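Enquirer: For the protein sequence lines, the chains are A and B, in the order given. Every letter in the first sequence is one number past the one before it in my numbering, and letter 321, counting from 1, is 373. Every letter in the second sequence is one number past the one before it in my numbering, and letter 228, counting from 1, is 542.
Any given hint might turn out to be false.
[To be verified] Derived list of chain B stretches under chain A, where covered just means 3 residues or more per stretch with a C-beta under 8 Å from a C-beta of chain A:
id : segment
1  : 368 to 377
2  : 415 to 429
3  : 485 to 493
If you are wondering where the hints come from, they were derived from the structure by calculation, not from laboratory data. Model, not experiment: these values are computed from the prediction. Every residue, glycine too, gets a C-beta built ideally from N, C-alpha and C.
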Amino acid sequence: MIMNKRITGIFVVLVIELSPWLCSNLFSQTTGDPFTGMAAVTNRITVDEQSVLERFVHDNFLFRKEIYSQLSWSREAPGSSNVYSRQSAGFEAYKKFSTKTATVAAFDLQFRLVRRDHFLPVVNDMEGEDRDGFFAEVHNVYFDFYNVLNPFMSDQARGSNVGRFNFRAGRFYVPFGLNLQTDTHGTLLQLSNDRNFGFERDWCAGFWGSLTPDIDYNISYLLGSGYDISFDGQDGLLSGRLSLGSRYLNEFGMEGGISFMSGERIFRHTTMRTLSSMQERDEHETVDTIRGGLDGRYSHIVPGGTMSVSTELSAGSDEQADIFSQLYQVDYLNRSRKWGVATQYRRFWQDSESDPADSSLFGEFTWYFRNDIGNTTLHWVKLNVEDQIEQQEGARDVIVSVQYYRYW
Amino acid sequence: MSLFRYNTTVTGKEYFMQKAFCFALLLNLIWQVSGAHAAVGCTLSNPSQDLKYLFPEMSTYREDVKALDQMADGRELFQKLKERLGSDLDPVYETYETPYTVYTIFKGDNVIGYVHGVNVPGEGGVIQIFASVNPQTGAMSRFFFQRLESTVAKLLKKKEFLSQFNGLTLADFYKHDYFSKVEPASTEDKVAGIKNPIPSGQNDSDYRSTLRGVRKNLILLDMFVYKQKDEPFYKRAQEVLAEKKKEAVKPLEKKQ
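Extracted from the complex, chain A is given alone in its bound form:
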């Protein structure tokens, strides 16, 4: 036994000592091509024995669950109502529909059941003001129809117009500014539309696609009623947007565009309703609206991670009152994708006799448990501080928010 162990030991030492020689000997040998005459195997086509329902939920069907918990503390709110609680659970279902040779449509539904207590006017929940307690919310519900003119085109014409004439209908992001290409569904920091129009999503229908290889377009009709489908005599809004094609994002890290919106929306969604001079006005009245906007975002590698700088500028009027809205944001995401910081300054100015502007400065830190590329699985904790620098109505406040979010 002892001899056997010794021999084994000597053998192991020899192998270790001689391994460099072994490798060089092994690698220096010249042999024939061992792959000569080999071929790939022919496709083994498998027959799908799934029912129609199984096919529906497995074939291009995406389902994600979501939980969201937020606590916000206000320096100014009185007594026990200075802590706002927002808890929710929800899901997103997304389905694409294809024929044998083309993907022709998609459907998206994003839903949350939310519980709110002691509402505070936090920037990420402006819709929640009159939703104390439980509320079932539909965030997105829309259909996309791709290449809708294909049935009327030859194969050649289909090829040259692919991606040009897509149609979307339902409730989704207002196609103004960066929001169409930015997912703010779970984030605390938001873009300008909510403050600018009184809603960041509306009921819309319109065409979108690539105008040229460099320019994308979106032209939509919006109901102008915000969350609810309401017809209060408003004409609705016509919106148009031209934006840089994705090539600019991929090659230069640049996104941007110009937007235009004009028409009528319902008064209760305007920022004017918060002004005391407007309190007596009927909330069902309509408001003439006009806006022009310019936006951009630039992302670049910096030591240790990626930094992006965003801006949204918009000018126009609600009735006779001129409006100017500005937003500037800087984000840094560490290369590990484990943590990030962001800061945002936003200002909304409206021509009025008294305090004409709201402005805030935000600071935010995020720790990511999961942060997939493409937002496929998200899991984070955020700490956000808002310092209100100017207020149109009420006292300036400091609001501190902590958020737990999971999307999987």
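For this one, chain A is given, so just place chain B on it according to the hints.
Expert: Relative to chain A, chain B alone:
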């Protein structure tokens, strides 16, 4: 009036209990949904323009989402991917739950190509690699970076570098495993023939990540589209390497 606001008339505790029950019921329903699916990852940000650029003669295209975590043999395929890649998968950039999209490009009713993309971790962040392949042979016809967070991005995006991958197949990568160890000078090793655009002395890890990304892309395409048609080459390469190792150890055993 909101479309979704409840119009109950009960109040107080009863009201709260009703709502809490609905909430719990909904949570339960959500959690019960089998086969959780993912939001779309690894997609072209503007498929119509990108595909038209790759296939100017195309008429239509179809998107098919492929998620390993939805496939009956998903775990097995994930393990196979790791083995065939020859390295561990990154826990942030290359998770089991990451969904992929295969684009099938048509001219009339005929398939003229497949396009598929993957993420791999690079030195400065994500590297997103899309490859188009010949539908019959699976050979690469083109490849491009959709995202390349790298300090050497300009060098890697040069046409002279990208064009070297044209015509490569997954089988070439599997053969490379053998040739690079046994016959480094072999002209049969097409992968070894690719010229690194990063000057020697500089950090070329993003070049190596690119090679890894292309290989990963072809492995997944082989699984999703071709039912692993290049598997014999992988097995052959592994067999021959194992034989060579055995042969090299034999003289030592005799000496013992």
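Enquirer: Taking 8 Å as the C-beta cutoff, is the stated coverage of the segment 368 to 377 of chain B by chain A satisfied by three or more residues?
Expert: holds (count 8)
Enquirer: In terms of beta carbon proximity below 8 Å, does the segment 415 to 429 of chain B have 3 or more residues touching chain A?
Expert: holds (count 4)
Enquirer: Under a C-beta cut-off of less than 8 Å, do 3 or more residues of the segment 485 to 493 of chain B approach chain A closely enough to confirm the stated coverage?
Expert: holds (count 3)
In the structure shown, no violation is registered for any of the earlier numbered hints.
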